[in-house]
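Colleague: Using the hints, position chain L against chain Y.
Top to bottom, those sequences are chains Y and L.
Under this note's numbering, the letters of the first sequence match residues 1 to 167, in that order.
Under this note's numbering, the letters of the second sequence match residues 1001 to 1167, in that order.
By construction, these hints were calculated from the structure, which means they are not laboratory data.
This one's a predicted model, so the numbers in the text were calculated from it and none came from an experiment.
Calculated pairs, SDA-like style, for lysine to any residue (alpha carbon to alpha carbon, straight line, at most 25 Å):
#1 Y:K81 x L:D1050
#2 Y:K40 x L:V1049
#3 L:K1110 x L:I1127
#4 L:K1110 x Y:G89
#5 L:K1040 x L:D1050
#6 L:K1120 x Y:P98
#7 L:K1110 x L:G1126
#8 Y:K110 x Y:E15
#9 Y:K81 x L:V1049
#10 L:K1110 x L:R1129
#11 L:K1081 x Y:P46
#12 L:K1040 x L:Q1056
#13 Y:K40 x L:P1083
#14 Y:K40 x Y:C28
#15 L:K1040 x Y:Q79
#16 L:K1055 x Y:D124
#17 L:K1120 x Y:Q56
#18 Y:K81 x Y:N148
#19 L:K1055 x Y:A88
#20 L:K1040 x Y:N136
#21 Y:K40 x Y:Q96
Protein chains: 2
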Amino acid sequence: MKEDPAQHAEAFYFEDLCPGFAASSGPCRVTEAEILEFGKRFDPRPFHVDAEAAKQSVFGGLVAPGCLIFAMRSRLVNQLKPPIAYQAGLGLENMQLPNPVRPEDQLFLKVECIERRESKSRPDAGIVRLSNVMTNQTGEVVLTMVANVLVAKMWVAKQSPIDMRSE
Amino acid sequence: MKEDPAQHAEAFYFEDLCPGFAASSGPCRVTEAEILEFGKRFDPRPFHVDAEAAKQSVFGGLVAPGCLIFAMRSRLVNQLKPPIAYQAGLGLENMQLPNPVRPEDQLFLKVECIERRESKSRPDAGIVRLSNVMTNQTGEVVLTMVANVLVAKMWVAKQSPIDMRSE
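Extracted from the complex, chain Y is given alone in its bound form:
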């Protein structure tokens, strides 16, 4: 039986996520301050922590560390409209960072369902493969990856919404 996503404004559940399903979010701004802070904390290379030294690098200026780009993806996942009823991330396939992220870039995320299947161990959720593409304000792709996620089933969410949120 075909589900109508418009029925469930609060979130998209496993039943909604057929191949072809897409959702998007953004923009989300990256600041120079956040690049410098992440660089100093996690990846102190000249092109992440020193605006002057970065000018001499192949990037020609400060660029965001990969771990900040990945964290921005998490932020954008949480802003998807409508939200997806994620229960847990199961892993990632083939993350690529084809273009750098620079201070004041505005990032956008688009996720698309590639495939879905039942969970062998959990009747209350299913496994969805989601293509993730993050772009900047000029449409350049800055991150691509496939995420495998556990997504709640609608009947579970309707019976016990608190359980779902707390998982």
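Modeller: Below, chain L alone, put in the same frame as chain Y:
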């Protein structure tokens, strides 16, 4: 000709990174404050941002968001002894997070060279596939992935160490 890594205490270059090469770092502590801060900034789910609500979740307590676990890997990569002469990350294959990271965990990283090849476009560097395994203080695996990285060649580093650092 076989290279002797012990000759080059300052860093490991492409020439050093044959299959079987391994390096490690850690421990690196994860605090509750850092989990809460990352959760609020990037992934505000109950089990990342609310210690009380997290007790009711399947994790039974606060756990680190995936983006913090990935950022801790960056921190540990920068602490590898000896360091690897990374020029750039080219992408990741198959990141898995098989066990949660909790407040006060101590994390360790081990990287091993799986494969290396010449770069088609850059004579000054080569491409190395590195297995990454992050474990906690009890030896549980908390992250696995394969990273494809561009690594400087030794002769380049010796001729122009500043160019290499700034790339």
